[in-house]
Amino acid sequence: MEALVKAAEWFIGLFIQGGQTFSGLVVGIIPLLIVLMTFVNALIALIGTDKIDAVGKLAAREGILYYPIRYMVLPFLAVFFLTNPMAYTMGRFLPEKYKPAFYDSAVSMVHPPLGVFPHVNPGEYFVWAGIANGITEAGYNVGDLAIRYLLVGFVVILLRGIVTERISAIMWKREEQPEASAV
Amino acid sequence: MKRINKLLETIGRGVGRVVGAMYQAGRESIDQVITNVLPFMAFISLIIGIILATGVGDWIANYLSPLAASLLGLVVMSIIIAIPVLSPLLGPGAVIAQIIGTLLGTQFATGAIPAQYALPALFAINPQVGCDFIPVGLALGEAEPETVEVGVPAVLFSRFVTGPVSVVLAYLASFGMYQ
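So the protein lines, in turn, are chains U and P.
Basically the working numbering = 1-based index in the first sequence + 137.
Basically the working numbering = 1-based index in the second sequence + 268.
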C-alpha cells in the first residue's frame, strides 16, 4: 500500500513540475507576445504588403551592389511583412539562378527576429525562447541577446545567399556540360 | 459646411480603417497563440517537467552540458545537424531545434552552461532551418522544376559550410555579453 502511494505521488510529481513550467511560460511570455503581435500585425495591415514588391524588383539586378539588397534587405522585409511561409513567394521577382540562394537566405531569417518581432514565426517561437528563457532564469537581461541574434542573423543570411548562389552556379554548369558534349 | 462634412467623413473613414485593422490584428494574434503557441508550450512543459522531475536533467548537466559549453562542442553539434542527409529529416516544424533549444535552456538556467554561449548555441541548434521545405519554398517563389533540381542539393551543401561558420560568427559577436 505504502509503495503504491509512493508510486502515485512520484507519477503526479512529474506533472506538477510540468504544470509549474507551463504556467510560468504562459504568464511570462503570452501576454507580451499577444500585444506585440497585435501591434505589428495592425501596422502591416495599414502599410500594406504590396509595398515591398518594388524591393523585389530592385533585388533582381546583377552586380555586387545588389547582393546586400537580395540577401539581406529583401529576405528580412519578406519575412517581416509576409511571415513564414509566404515570405518565400518574393522569390518570384528574381531570375531562376538566384532563387535557391534567396530561399536559403529568407528561410534562415525566420528565427533571428523572434526576440524582437515574434509575429514572424510564432509557431516556432521556442527555437529562440527555449534558450532565452534559460538566460532569463539565470538572471540576465535577454534584450542584449535578442538584438545580437538579429544582427548576426543578417550577416549569416548574406553569407548563405552568396555561398548558395556560388554552389548552385557550379552545379548548373556541371549539368549543362554532359549535355553539351553529347551533341 | 460641405468642407466640414468632407473633413468629418475623411476622419471617420481613417479611424474606422485603423480600428478595424487593429481589431483584426488582435483576432489574428489570439488565433496564432491558441493554434500554434499554446500547444507547443504544453508539449515543451511536459518534456521539461519530466526531465526535471526524473533526474534526467542532472544526467544532462553532468555529461552533455560540458560538450555544449565550448565553441568546439557547438561547432561539432552544428556540423552533425547540417549533414545533408540528416538536415531535411530534422527540419519539420523546427521541432528538433525547439526541443534541443529548450533542453539547453534548462542548462543555461542552472548555470551548467555559461550564459556567454547563448548566442552561438542559438545558431548551433539551427543549421537545418527550412531544409525540409526547399521544394515547396522554391515552388512558392515560382521556380522552374530544373531550379528545384539544382536548388535542393545546393542549399543542403551550402548549410554544411555555413552552419558551422554561423556558430563561429555568433561566438565572435557575443564578446562582451553576460560576462
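None of these hints come from the bench; they were simulated from the model.
Incorrect hints may appear among the rest.
Calculated pairs, DMTMM-like style, for lysine to aspartate or glutamate (alpha carbon to alpha carbon, straight line, at most 25 Å) [what the hints assert, rightly or not]:
hint, chain 1, residue 1, chain 2, residue 2
1, U, Lys310, U, Asp187
2, U, Lys234, P, Glu410
3, U, Lys310, P, Glu410
We went through each hint and held it up to the structure:
no., hint, result
1, U:Lys310 to U:Asp187, "35 Å, violated"
2, U:Lys234 to P:Glu410, "12 Å, holds"
3, U:Lys310 to P:Glu410, "22 Å, holds"
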